[in-house]
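Asker: Below are the chains, spelled out letter by letter.
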Amino acid sequence: MKDRISALVFIALGIFFLIGALRMPRTTEYGKYGAPGIVPAFFSIMVVLLCFIMLVRKQRSNSESSSTPAEVKRAENRRLLLASAMFLAYVFLLGKINFIVLTSVFLSVTSMVFLRKRFILTVTISVAVTVGIYYLFSRVFLLPLP
Amino acid sequence: MYTVKVFFESIASTLSNPVLLFHLSWSTLLGILVGILPGLTATLGVAILTTLTFGFPPEIAIPMLLCVYIGAIYGGSRTAIVLNIPGTPANAATTVDGFPLARSGMAGFALNVATIMSGIGSIVGAIFIVSLAPALGALALKFGSWEFAILAIFGTIIAGSLTAPKDPLKGWIAGFLGLMIAMIGLDEIVSFPRYTFGNIQLYGGISLLPVLVGVYGVPEILTSLKRVTKAEVVLDFSKSERKLSYLETIKKNALNLLRSGIIGVFIGVIPGVGEDVAAWVAYDAAKRMSKEPEKFGKGSIEGLTAAETANNACVGGAIIPVLTLAVPGSAPAAVLLAAMWIHGIKAGPLLPIQHPEMIGYVAGSFVIATILMVVFGLLVTRLFLKILLVPTEILMPIIFVLCVVGTYVLNGRLFDVWVMLLFGLLGYFMRINDFPAAPFVLGFILGPMADTNIRRALMLKNGDISPFFTRPISLVLIIAITLVVLSKYLPKKRGEKR
Chain U
1 MKDRISALVF IALGIFFLIG ALRMPRTTEY GKYGAPGIVP AFFSIMVVLL CFIMLVRKQR
61 SNSESSSTPA EVKRAENRRL LLASAMFLAY VFLLGKINFI VLTSVFLSVT SMVFLRKRFI
121 LTVTISVAVT VGIYYLFSRV FLLPLP
Chain X
147 MYTVKVFFES IASTLSNPVL LFHLSWSTLL GILVGILPGL TATLGVAILT TLTFGFPPEI
207 AIPMLLCVYI GAIYGGSRTA IVLNIPGTPA NAATTVDGFP LARSGMAGFA LNVATIMSGI
267 GSIVGAIFIV SLAPALGALA LKFGSWEFAI LAIFGTIIAG SLTAPKDPLK GWIAGFLGLM
327 IAMIGLDEIV SFPRYTFGNI QLYGGISLLP VLVGVYGVPE ILTSLKRVTK AEVVLDFSKS
387 ERKLSYLETI KKNALNLLRS GIIGVFIGVI PGVGEDVAAW VAYDAAKRMS KEPEKFGKGS
447 IEGLTAAETA NNACVGGAII PVLTLAVPGS APAAVLLAAM WIHGIKAGPL LPIQHPEMIG
507 YVAGSFVIAT ILMVVFGLLV TRLFLKILLV PTEILMPIIF VLCVVGTYVL NGRLFDVWVM
567 LLFGLLGYFM RINDFPAAPF VLGFILGPMA DTNIRRALML KNGDISPFFT RPISLVLIIA
627 ITLVVLSKYL PKKRGEKR
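First to last, the sequence lines map onto chains U and X. Read in order, the letters of the first sequence correspond to residues 1 to 146 in our numbering. Read in order, the letters of the second sequence correspond to residues 147 to 644 in our numbering.
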């Protein structure tokens, strides 16, 4: 089932790139073989073709995923969604809030949410690491920070 | 001969330059730390240091990146031995015998053996850079558009086969996905904007570093954070260890060392196939050739030696095609290639002509990095291992911030951070569905090379594709692709019929 879903996702992506390639100019000042769509069309056809083979072949059994208890799986998925949401929020707020403030809060909150203990230590480490990163990048190596 | 001369000169000049030695020392320590931390790979380490060394001259920045690369591949063995989790994918084979050795009260011995064998492996790699790279460079000068076009596809397919041995189809899909996504941006022949949708940020294409950091970093961070169960750490060196001589261990494993070193180098030379595959292949060869195969998996010094020698020798091998063909032999080598471009060094067939000193210089830096790695490895890594006691929940968000900052500083634009995140999610989707990341990244790197050379080859002969089959090097590569594909499917079909 997993293979079929990924095959369908990549086939859709391949078709999207193929349509884009077919819409590109067919000829250029270097003739028709210099056309920008030739190679993207070839690669997207290969993706579609290989994914189609995966879609129609005999499905392999996946014993590994079934061995994980449902309860553990649910807990893992919850943690995964939480982490993804926090990462997205951090990147979204970058540049809108001061780097030191945002990063200190992000590190503290993320660590606290996942660790659920040693709150004072977590906040101290988060602030110290943020200031360390800030000084290393912007003061020592003179690189711009968001 | 000139390369050998530069090789020795660069070693001597580095040893007599305290400023350079200082930078190389902290880079090596950083590399070892990166390797020790599960979730931080050599690729990520080299990528982050590439951004930090942006303003450094190339003669300092390139050796520093080599130090991080070598240090990280070695550092991963520390975690593999005491935690049973490879610090980097390159050390997966090390866990098989390293952790049983640690559990049997020989953690200290196993750590030191791995250090010494990694050092020997790296030296084998350096020797091959000096001897093989100039020869491959001379051969690369005979390459035309046909050979480069086929080489790009050959590299992607072979990387797909070797990194997904159970299901090569997924490896090939990953490779062609990488090649396809690399088509985004202005094309190199007529400057037509492909898949840009009017977005000016996409005109320059997608930068390599955000893709690498995303595909290798984000899935690792997400996987570590979502894990509910935690690993056992064996940090107890107080148990009385059986006294074994290191020299005797080296003597006993001389053949194993040589074989694993050579395997490591040659797997490294293959485009996109990195240290993890090298370690497994060498481990498998050592097991088959061993007089005591039953000890493998239960704490075999031979197994540990094979894995650790091969993965460090592979680093040298992976750099050879970077220098001579501009084709990375592994993912961290791909970042090294990007870093060379950033510093104005155009790797490829013309490198021996434009920068004749470069091959010898890189090999010399390689030796210095190895010496530093062994010295620090034997003296300070046990102290570094204490970092493993820091909870993953604190470490992983910090690593994520480093990924974000490292991606941002390269061009100073948030767009790259979003690209990193998007490719991180794609990388995670690929990981949970068992698609390997290496062929995807290699395809992404080789995409522009394939595009330009396929079209140039077609234009030169007015659409005639026969030179692909009549030019000797191109024909050899086509035969190799055919054999790789057939070898993965023909025996299975016969088996199924039975």
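Hints are computed from structural coordinates only; laboratory data are not their basis. Mixed in with the good hints there might be a few duds.
What the hints assert, rightly or not - Here chain X is said to cover these stretches of chain U; the calculated rule only asks that three of the stretch's residues, wherever they fall, bring their Cβ under 8 Å from a Cβ of chain X: (1) 7-14; (2) 25-38; (3) 45-55.
Stated by the list, open to error - Here are the simulated lysine to aspartate or glutamate pairs, DMTMM-like style, with alpha carbons at most 25 Å apart: (4) X:Lys-372 to U:Asp-3; (5) U:Lys-117 to U:Glu-71; (6) X:Lys-437 to X:Glu-503; (7) X:Lys-372 to U:Glu-76; (8) U:Lys-58 to X:Asp-580; (9) X:Lys-288 to X:Asp-610; (10) U:Lys-58 to X:Asp-313; (11) U:Lys-2 to X:Asp-580; (12) U:Lys-32 to X:Asp-610; (13) X:Lys-151 to X:Asp-430; (14) X:Lys-634 to U:Asp-3; (15) U:Lys-73 to X:Glu-438; (16) X:Lys-372 to U:Glu-71; (17) U:Lys-2 to X:Glu-503; (18) U:Lys-2 to U:Glu-76; (19) X:Lys-397 to X:Glu-334; (20) X:Lys-312 to X:Asp-430; (21) X:Lys-607 to U:Glu-76.
The C-beta atom is built at its ideal place from N, Cα and C for all residues, glycine as well.
Asker: Compare the structure with each hint and give your call.
Answerer: How the hints compare with the structure:
1. 7-14: holds (count 4)
2. 25-38: holds (count 12)
3. 45-55: Holds, because 6 residues of the stretch 45-55 of chain U bring their Cβ atoms closer than 8 Å to Cβ atoms of chain X.
4. X:Lys-372 to U:Asp-3: 22 Å, holds
5. U:Lys-117 to U:Glu-71: Cα-Cα ~23 Å, so holds.
6. X:Lys-437 to X:Glu-503: 44 Å, violated
7. X:Lys-372 to U:Glu-76: It holds: about 5 Å lies between the C-alpha atoms, which stays within 25 Å.
8. U:Lys-58 to X:Asp-580: 17 Å, holds
9. X:Lys-288 to X:Asp-610: 20 Å, holds
10. U:Lys-58 to X:Asp-313: Distance ~13 Å between Lys-58 (chain U) and Asp-313 (chain X) Cα, so the pair holds.
11. U:Lys-2 to X:Asp-580: 10 Å, holds
12. U:Lys-32 to X:Asp-610: Answer holds: Lys-32 (chain U) to Asp-610 (chain X) is near 13 Å, not above 25 Å.
13. X:Lys-151 to X:Asp-430: 37 Å, violated
14. X:Lys-634 to U:Asp-3: Distance ~19 Å between Lys-634 (chain X) and Asp-3 (chain U) Cα, so the pair holds.
15. U:Lys-73 to X:Glu-438: Violated, at about 40 Å.
16. X:Lys-372 to U:Glu-71: With Cα atoms ~13 Å apart, Lys-372 (chain X) and Glu-71 (chain U) stay inside 25 Å; holds.
17. U:Lys-2 to X:Glu-503: 51 Å, violated
18. U:Lys-2 to U:Glu-76: Cα-Cα ~18 Å, so holds.
19. X:Lys-397 to X:Glu-334: Violated, because 54 Å separates the two Cα atoms, which is more than 25 Å.
20. X:Lys-312 to X:Asp-430: It holds: about 16 Å lies between the C-alpha atoms, which stays within 25 Å.
21. X:Lys-607 to U:Glu-76: 56 Å, violated
Going down the numbered hints, you'll see the structure goes against 6, 13, 15, 17, 19 and 21, while the others check out.
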